[in-house]
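A.B. asks: I would like the entire structure built from these sequences, with the hints used as guidance.
Be aware that the sequence shown starts at 1, since it is given in my numbering, and climbs by one per residue.
The hints are simulated quantities; they were obtained by calculation from the structure and are not laboratory data.
Idealized CB from N, CA, C, for every residue including glycine.
Keep in mind that the hints are not guaranteed to be accurate.
Cut-off 25 Å, straight-line C-alpha distance, at most; resulting in silico cross-link-like pairs (BS3-like, lysine-lysine) [to be verified]:
1. 505 with 112
2. 60 with 48
3. 529 with 181
4. 112 with 15
5. 15 with 505
Beta-carbon label-pair distances, calculated as ranges [claimed, not checked]:
6. 239 with 82: 47 to 55 Å
7. 622 with 177: 22 to 30 Å
8. 568 with 547: 27 to 35 Å
9. 114 with 157: 16 to 24 Å
10. 98 with 63: 19 to 27 Å
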Amino acid sequence: QSDQIEIEMEGQWEKSSHGLQYQVENFMEIVPRTKEGILGYLSCGSVKGVGPKVAEAIYKEFGLNTLEIMEEHPQELLKVKGISQKKLKGIVESYGKNKVFRELMTFLAPYKVTPKKVNLILQRFRNESVEIVRHRPYQLCAVKGFGFLTVDAIGRQNCQALNDPMRISGCLSHLMESAMKEEGHLYLERPELIQRAYTMLNQDLPHQAVTETDIQRVLYRLVMQESIVVDGERVYVKKQYEEENQTASMIARRLLDQGEAYDIEKELAQAQTALAITLSERQKQAVRMVFQNQISIITGGPGTGKTTVLKVILYIHAIVCRSQVQLMAPTGRAARRMAESTGHEDASTMHMALGLLGDSADYEDAVEYLEAGFLNLDEVSMVDMHLGYEFFRRVKPASRILLVGDVDQLPSVGAGDVFRQLIGCGLIPVTVLDLVFRQGKTSNIHLNARKMLANRTDFGFGDDFQFVSCNSADETAAMVRQLYQEEVARNGLDHVQILTPYRVKTVNGANDLNRSLEDLINPPSPGKKELSAGGQIYREGDKVLQNKNTLMASNGDLGRITDFYTDEEGTAKTVIEFPDGRIVTYETEDLEMIEHANAITIHKSQGSECDIVIIPWVRAFYMMLKRNILYTG
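C.D. replies: Written as structure tokens, this is what we have:
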């Protein structure tokens with residue numbers, strides 16, 4: 001923008017964890033009616049096709065009346081040398097869009113709607129944007145990024161009909177999406193959905209604005225429009241319904257056509273000798289199962305020998321089947337750990353193997369089929385319904401599948417408890433490994449983990465498992481910071497990790513802990529480069545986490561910032577090195593894919609290991625004080 005343009009804002013000063021902040025409720029862009037102000041506004045790049053020279057020519061023709069001419073009589077601009085009919089069209093569209101953008105931002109500022117979301121409104125509704133926002137706001141429910149609660153606040157404060165079918169439809173969509181994203185459900189029972197909608201739609205109202213009949217009527221319309229599917233009493237979003245049913249059908253076909261079964265007793269003995277491994281009887285049973293079935297499951301806790309069994313399976317497969325092998329896991333860290341432990345260096349994330357790296361729902365780079373004859377999928381408890389569907393639909397009919405994981409760990413973040421359901425269906429061969437080899441039988445970590453699964457709290461404590469009692473959430477956060485500093489100083493940053501159930505909402509969440517640890521663990525100093533972007537400060541040496549899958553880095557990868565520089569074109573670059581030697585360069589706008597990682601959520605930690613783990617466990621986490629969360633940590 002131009003330094004000639006002024007912004008007048010209305011709002012409130014608020015205290016936050018970042019300090020004193022100004023919460024804008026309304027704003028107005030003011031272009032001074034002076035030559036400098038008008039030229040500054042026109043030539044700053046906000047009006048397409050108007051640079052400094054064209055701006056000078058327009059001002060020379062119209063003077064202080066320039067903005068009025070552009071707004072009310074744009075055809076007059078054709079008098080200006082260098083402005084053709086085609087160029088005029090671009091100027092008018094751009095100026096009009098800016099005017100609409102400003103009007104929308106002014107109207108929506110009290111609802112904390114960002115400029116990015118206003119642009120989404122403009123992309124969808126174009127010339128109707130202002131009319132829709134002011135008089136038909138519930139249509140915003142169809143715009144990506146607009147939650148029902150925000151739209152409903154706009155509608156309520158602008159006297160919209162509270163029984164508007166668009167309002168009810170938006171509420172139902174919001175409830176279904178919340179059930180998927182926050183509760184992990186693929187469907188809701190119809191009576192429960194209607195009750196939730198009835199409560200939300202009539203909340204804080206002096207009278208009943210929406211009846212259950214109104215909701216039933218809109219639900220029926222959504223079924224007729226095929227955006228929702230009702231199967232008995234189960235209500236699904238159509239996409240989830242189709243993915244669940246098609247995945248079940250694909251697995252059923254694989255169970256009906258079991259393919260060739262191999263007798264591998266000789267190879268089993270040979271593998272144990274060659275690998276210097278002695279398998280337990282249960283582990284041998286797991287190996288036999290894999291070569292007798294097209295799809296099978298191995299589940300077991302940490303240290304029960306799942307990786308050892310996989311090594312033997314891969315050894316025998318190379319002798320008996322000799323087809324291509326594909327090892328994959330939901331996260332990059334889990335895939336690399338599997339590659340290191342098995343010696344198969346080509347293990348990859350599921351997203352990389354399947355080509356699911358774009359934001360598009362169509363995944364333009366997705367592979368048609370996985371070529372491998374044997375596919376091992378590790379850490380399957382992390383796989384949600386959508387990712388499971390994308391995997392199974394790309395496996396060739398003759399390929400052999402082994403699913404491996406710990407069913408007692410956290411289910412997937414996304415909707416669908418796939419691994420538990422596959423085990424529980426009783427149709428797929430399953431071997432449970434329950435004898436611990438990696439940790440001694442006296443390990444407090446192992447013993448306490450087993451007690452957690454048995455609903456026991458008589459934990460054993462010692463050097464490997466300690467409990468520190470604190471009197472408050474703030475005291476807990478202070479203790480976590482102190483312990484983390486001490487252990488990092490003693491063992492190094494890569495060997496210590498804070499794991500917390502929550503990302504936000506509390507001083508013991510990952511965000512607040514990271515913010516409070518920044519200057520303690522990696523303080524600023526002369527000569528140390530740093531960059532401020534998106535409200536965050538990044539420094540050389542910072543431990544960071546990748547939160548999105550790309551070609552160069554996977555969701556969940558931990559790395560260290562090693563450099564900042566500006567290239568020949570003036571673009572700021574951030575360099576991050578990952579433990580396997582990968583060096584990835586990010587532009588500033590890409591840093592939204594990166595977050596500080598002195599503290600990460602327990603969900604994000606799945607599939608990885610660390611020498612020293614510190615877990616805050618406080619009453620403020622009451623919604624997340626669950627056995628499987630602590631067990632996973």
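A.B. asks: Run every hint past the structure and note whether it holds.
C.D. replies: Okay, the hints, checked on the actual structure:
1. For the hint pairing residue 505 with residue 112, the CA-to-CA distance comes to about 19 Å; that is within 25 Å, so the pair holds.
2. As the CA atoms of residue 60 and residue 48 are separated by approximately 19 Å, the hinted pair is consistent with the 25 Å bound.
3. Distance restraint check for residue 529 and residue 181: the Cα-Cα separation of roughly 38 Å exceeds the 25 Å cut-off, and the hinted pair is therefore not satisfied.
4. In summary, the hint linking residue 112 to residue 15 is supported, as the alpha carbons are separated by about 17 Å, within the 25 Å threshold.
5. Restraint check for residue 15 and residue 505: the C-alpha separation of about 15 Å stays at or below 25 Å, so the hint holds.
6. Checked against the hint of 47 to 55 Å, the C-beta distance between residue 239 and residue 82 comes to roughly 51 Å, which is consistent with it.
7. A beta carbon spacing of about 24 Å between residue 622 and residue 177 agrees with the range 22 to 30 Å that was offered as a hint.
8. Distance hint check for residue 568 and residue 547: the Cβ-Cβ separation is about 29 Å, which falls inside the suggested range of 27 to 35 Å.
9. Between residue 114 and residue 157 the beta carbons are some 19 Å apart, a value that agrees with the proposed interval 16 to 24 Å.
10. In this structure the hint that residue 98 and residue 63 lie 19 to 27 Å apart at CB holds, the actual value being about 21 Å.
Figure legend: structure checked against the earlier numbered hints; the only hint not met is number 3.
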